[in-house]
Amino acid sequence: MNILMLMTDQLTVNALSFYGYTGAKTPNLDALARRSIVFDNCYCNSPLCVPSRSSMCTGLLPFRNNLFDNGAELPASVPTFIHHLRLNGYRTALSGKMHFIGPDQLHGFEERLTPDIFPASMGWTPDWSRGLIVNPGSNVGKLEKSGSRPNTTDYMKYDDNAHSKAVRWLREHRISGDSRKFFLCMSYTHPHQPFEITEEYWNRYSEDEVGLPAVPPDDPEHPFNEWMNTHHGLKERTPGAGHILSSRRAYYGMISYVDDKIGEWMSELKELGLSDDTFIIFTSDHGEMLGEHGMWFKRTFYDPSTRVPMLIHRPGTRARHAKDIVSLIDLFPTILDLAKIAVPKDTRLDGSSFAPALDGKKLGKDRKVLCEYCADGSLAPLRFVRKGKYKFVHVYGQPSLLFDLEADPLEKKNLHGVRKFAKLADELEKEVLEDWNPEIVHSEVLRSQQERGIINKALQTGRNFSWDWKC
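Mapping the sequence shown onto numbering that gives the first Met the number 0, position 332 (from 1) lands on 331, and the numbers just tick up by one.
Quick caveat, the hints were computed from the structure, so don't treat them as lab data. Warning: the hint list may mix true and false statements.
[What the hints assert, rightly or not] Label-pair ranges, simulated between beta-carbon atoms:
#1 P74 x G241: 42 to 48 angstroms
#2 G359 x V417: 33 to 39 angstroms
#3 L271 x G101: 34 to 40 angstroms
[As the list claims (entries may be wrong)] Straight line, CA to CA, 27 angstroms or less: simulated DSS-like cross-link-like pairs of lysine-lysine:
#4 K422 x K388
#5 K429 x K364
#6 K180 x K269
#7 K344 x K364
#8 K322 x K364
#9 K419 x K364
Being a predicted model, the structure only gives us computed values, none of them experimental. The beta carbon of each residue, even a glycine, is placed where N, CA and C say it ideally should be.
Let the sequences and hints guide you as you build the complete structure.
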C-alpha cells in the first residue's frame with residue numbers, strides 16, 4: 000500500500016477532542032480518528048524538533064548519534080526508514096519542514112519539494128558553558144505579540160506552499176503511470192509558535208471557549224523547571240491573562256488551519272481513487288505546554304510537551320483507541336511492517352513495531368518509552384522512562400521525580416522519596432541508566448557543543464556556503 004504521513008510541529012494532545020480534551024475544533028481529524036487506530040500513549044523521544052525528528056527517522060534514541068539539540072547533524076551514514084522504503088521500490092517525497100542539519104537534506108527521500116523553513120546550519124547549537132540565558136526565539140515576550148493577523152503569516156505562506164506542492168505531486172504521480180507505491184510526507188510548521196493566525200481562524204474561537212490553563216498551586220518544585228522558566232523568560236515576567244488567552248486562542252486557530260488541510264487530503268485521496276490503497280499516519284514531533292503548570296513552549300518533560308498524537312488509518316481496519324505505550328522511534332519498524340518490508344537482521348534499532356496493535360493485539364506490559372533532553376535551557380542531561388502508569392524522571396546531579404499518571408495525570412505529586420514507592424523508583428532508575436551514563440553523556444554534550452561551535456563560526460568566515468535545500 001501507499002503511505003501518506005502528515006506531520007505537525009509542536010502539537011499537544013491536550014488540545015485534541017479525539018483524545019478526550021476540549022480546545023481546538025478539528026472536525027476533519029475527528030472524522031479520520033473515527034476510522035483509525037488512535038494511540039493514547041505515544042511519546043516523542045526528545046521534546047525538541049531536531050533530535051525528535053531525527054530519532055523518528057532512524058529508530059534510534061537521540062544519544063546514539065549525538066543528536067542533542069537543534070544544531071546537531073544527523074549523519075548521512077545512518078540509514079532511515081525512508082532509505083529502506085526507497086530500496087524496496089517506494090517513491091519517496093518530502094514537502095515542508097523536517098529540520099535536517101548538515102549537508103544531507105534528504106536522508107533517503109528521492110524528492111524534496113520545498114526548502115526547509117529553518118536553517119540547516121549548526122547555528123542553533125547551545126553553549127552550556129554560558130549558563131542559563133533567555134531564549135530569543137522562545138520566550139514569554141512572544142506571547143505579548145500573539146493574536147490575529149488580517150491577511151496571512153509567514154508560517155501560513157510556507158505551509159500553504161508546501162501543501163499545494165505535495166497535493167500537486169500526488170496528482171502527477173497518479174496520472175504519470177508510475178507503478179511504484181509512494182511514501183509522501185507532508186510536514187506542517189503549524190501550530191509552532193509564534194502564536195499568530197489569520198482572522199478567519201481566530202474568529203472560530205471565543206475567549207470563553209479557550210479558557211485558562213491548569214496551573215496547580217501544589218506543583219512540585221524542581222531545578223529543571225526553574226532552569227526552563229529562566230530560559231523562557233518566565234522568571235523575569237509572568238504573562239497576564241489577556242496574553243495567555245490570546246496565545247491559546249491563536250494556537251487553537253493554528254490547529255484548525257491544519258485540520259482544514261487534513262480535510263483537503265481526505266477529499267484528494269478520494270477523488271484520486273487512493274482512499275482504499277493508502278495508509279495514513281498523523282503525528283507530531285513533540286507537544287506544547289500552552290501555559291499548563293505555568294510553562295510554555297516545549298523542552299519540558301511534562302506530558303503536554305512530550306506526549307504526541309499518533310493516529311494510523313489502515314483501510315479496512317476497525318477503529319479503536321489503543322492504550323499501548325509507544326514512541327516515535329517505533330515508527331521505523333512499524334512503517335516497514337506495514338509496507339511488508341523485513342528489517343535487516345543487524346539493523347541498529349531502539350524502537351519496536353506497534354503494527355500488531357492495529358490487529359487488536361496487546362503489545363505487552365513490559366513496553367516502555369525513553370525520552371531525553373540535552374539542549375538549551377538545561378544545565379545537565381535528563382532522561383525519563385514511561386512504563387505502565389508510571390513516569391520516572393532522572394536529572395543528572397539533581398533529585399529524581401516519580402509520577403503515577405493514572406492517579407495523577409497533572410503530575411502534581413512527586414512519589415520519589417516516598418517509602419512505599421522506593422523499590423519501584425529503584426527499578427525504574429535502573430531502566431533509565433541501563434544504556435545511558437549521564438556523566439559520559441554530559442561530557443559528550445560539552446564536547447559536541449564546542450566542536451560544532453568551531454565549525455559554525457568557521458563556515459561564517461570568508462565565503463559562506465549554505466547547506467539549506469534549494470528548489
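Against the structure, the hints come out as follows:
| no. | hint | verdict |
| --- | --- | --- |
| 1 | P74 x G241: 42 to 48 angstroms | holds, 46 angstroms |
| 2 | G359 x V417: 33 to 39 angstroms | holds, 37 angstroms |
| 3 | L271 x G101: 34 to 40 angstroms | holds, 35 angstroms |
| 4 | K422 x K388 | holds, 15 angstroms |
| 5 | K429 x K364 | holds, 17 angstroms |
| 6 | K180 x K269 | holds, 17 angstroms |
| 7 | K344 x K364 | holds, 25 angstroms |
| 8 | K322 x K364 | holds, 11 angstroms |
| 9 | K419 x K364 | holds, 21 angstroms |
In the structure shown, no violation is registered for any of the earlier numbered hints.
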